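Q: Each chain, letter by letter, is given below.
Number of protein chains: 2
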Amino acid sequence: MKLTEAKQQFISSWGAFGTHWGINRTMAQIHALLLVSPEPLTQDDIMEELTISRGNTNMNIRELINWGLVDRVLISGERKEFFSAEKDIWKVVKQIVKERKKRELEPMLQLLDKLEAVEGDKKDKEVKTFVDTISGIKKLGRQADKTLDTMIRAEESWFVGALMKVFK
Amino acid sequence: MKLTEAKQQFISSWGAFGTHWGINRTMAQIHALLLVSPEPLTQDDIMEELTISRGNTNMNIRELINWGLVDRVLISGERKEFFSAEKDIWKVVKQIVKERKKRELEPMLQLLDKLEAVEGDKKDKEVKTFVDTISGIKKLGRQADKTLDTMIRAEESWFVGALMKVFK
DNA sequence: ATATATTTTCAATAATTATTGAAATTTCGG
DNA sequence: CCGAAATTTCAATAATTATTGAAAATATAT
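Protein chains in written order, with the working numbering: chain A, 1431 to 1598; chain B, 1431 to 1598.
Derived by calculation from the structure, the hints in this document are not laboratory data.
It cannot be assumed that every hint is accurate.
A pair counts as met if it fits within one copy or between any two copies, since identical chains are not told apart.
To be verified - Dumping the calculated PhoX-like pairs for lysine-lysine here, alpha-carbon to alpha-carbon at most 25 Å:
| hint | residue 1 | residue 2 |
| --- | --- | --- |
| 1 | K1555 | K1521 |
| 2 | K1544 | K1569 |
| 3 | K1531 | K1576 |
| 4 | K1528 | K1568 |
| 5 | K1544 | K1437 |
| 6 | K1531 | K1521 |
| 7 | K1568 | K1552 |
| 8 | K1569 | K1531 |
| 9 | K1432 | K1553 |
| 10 | K1569 | K1524 |
| 11 | K1544 | K1558 |
| 12 | K1568 | K1531 |
| 13 | K1532 | K1544 |
| 14 | K1437 | K1569 |
| 15 | K1553 | K1517 |
| 16 | K1517 | K1552 |
| 17 | K1569 | K1432 |
No experiment lies behind these values; they were computed from the predicted model shown.
Please build the complete structure, drawing on both the sequences and the hints.
A: So this is what it looks like as structure tokens:
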């Protein structure tokens, strides 16, 4: 397979992959393109390569920057802005985990705290099932939260291997 | 907070949560409803509780069954089918991990194998960056795959052990 | 300061995805 | 079997989400 074809397949699959994880296709594709580009690219490079509009490109680049996955790069003598993606995949994963934890897991845990304190007789089957379910989710969620914290702090991806011990 | 309100908030949040994870809102809501219901429910119960159409209910229940998160339950003397969700959250998580691994991670790893074998001179910066990126992702992906296998095989989450007995 | 290049915004539109509801099919008691 | 109840399907429609492109804002060189 030629590089051009391989690149395109990677970009397209990474995009499809992203959509299964709540990330929009274009954002994932821009990320993929930057991941396999040895040099930083401009908005125009990205627009051209992926044949998408300027607005779309701009919005998704900014979103990638918000997620901490892409950086603006200044190149001296160049007026345009350049962008490059973090190439160390372990750092990328940690960054994504960190963001999703903050955006989704933590708010969910806060909500569960509130819901667990529902009024009513614990002898009532309805109440009991509700409280038990909520507290089960909460406990697992809190543990996941802690585990992810440790993971985010880990220097090396080998930690993932070490995690296995926990499950044994 | 009253049970009814708490239930509704849980269902609605679980639905929103799901959408961030590539799961459609209704499917997640049905799942949430069944999670907090002490007794199995019929399609009509679910339709009424969530005010959604029969078709929608049916399709999403089937999808939940495909995911292994919901079971058909036969109740003697009843003509209608009843449905109930696995209440053991650890099992739920394992089941979801198992399915997503099969549906997403494994195909991605297969693709990466193909892409890594791209033609071209490794001295070429473009080729090198591509191959390095792909093999970095592959390495991490394989590791994750193994770790998840171990996790799926684990009998109990490392901490919820005692709690789970409560549900049984 | 002005002209020009570059980036950003956002209302309009397109594309995608979810939902409905009625018809077709299946199941099951009598 | 027959008929009623229950389930499933799926074309039509609605709702949501993504994308465009042109105008506005901003930055920079001269």
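Q: If the cut is 25 Å between Cα atoms, do K1568 and K1531 qualify within a copy, between copies, both or neither?
A: both (14 Å within a copy, 24 Å between copies)
Q: Give the relationship of K1532 and K1544 under a CA distance limit of 25 Å: within one copy only, between copies only, both, or neither.
A: within (18 Å within a copy, 35 Å between copies)
Q: Given a CA cutoff of 25 Å, do K1569 and K1531 count as a within-copy pair, a between-copy pair, both, or neither?
A: both (15 Å within a copy, 24 Å between copies)
Q: Reference check for the pair K1555 and K1521, CA-CA at most 25 Å: within, between, both, or neither?
A: Between copies only: 22 Å across, 46 Å inside.
Q: 25 Å Cα cut-off: does K1432 pair with K1553 within a copy, between copies, both or neither?
A: For K1432 and K1553, only the inter-copy Cα distance (15 Å) is at most 25 Å; the intra-copy one is 67 Å.
Q: With identical chains treated as interchangeable, where does the CA-CA distance between K1544 and K1437 reach 25 Å or less: within a copy, between copies, both, or neither?
A: between (48 Å within a copy, 12 Å between copies)
Q: At most 25 Å between alpha carbons: which applies to K1531 and K1576, within, between, both or neither?
A: both (10 Å within a copy, 23 Å between copies)
Q: How would you classify K1568 and K1552 at a CA-CA limit of 25 Å: within, between, both, or neither?
A: within (18 Å within a copy, 49 Å between copies)
Q: Are the CA atoms of K1544 and K1558 at most 25 Å apart within a copy, between copies, both, or neither?
A: within (16 Å within a copy, 52 Å between copies)
Q: Go through the copies and call it for K1517 and K1552: within, between, both or neither, with a Cα cutoff of 25 Å.
A: between (52 Å within a copy, 18 Å between copies)
Q: 25 Å Cα cut-off: does K1544 pair with K1569 within a copy, between copies, both or neither?
A: within (14 Å within a copy, 41 Å between copies)
Q: Could you place K1553 and K1517 in one of the four classes (within, between, both, neither) given a Cα distance threshold of 25 Å?
A: between (55 Å within a copy, 18 Å between copies)
In summary, this structure violates none of the numbered hints.
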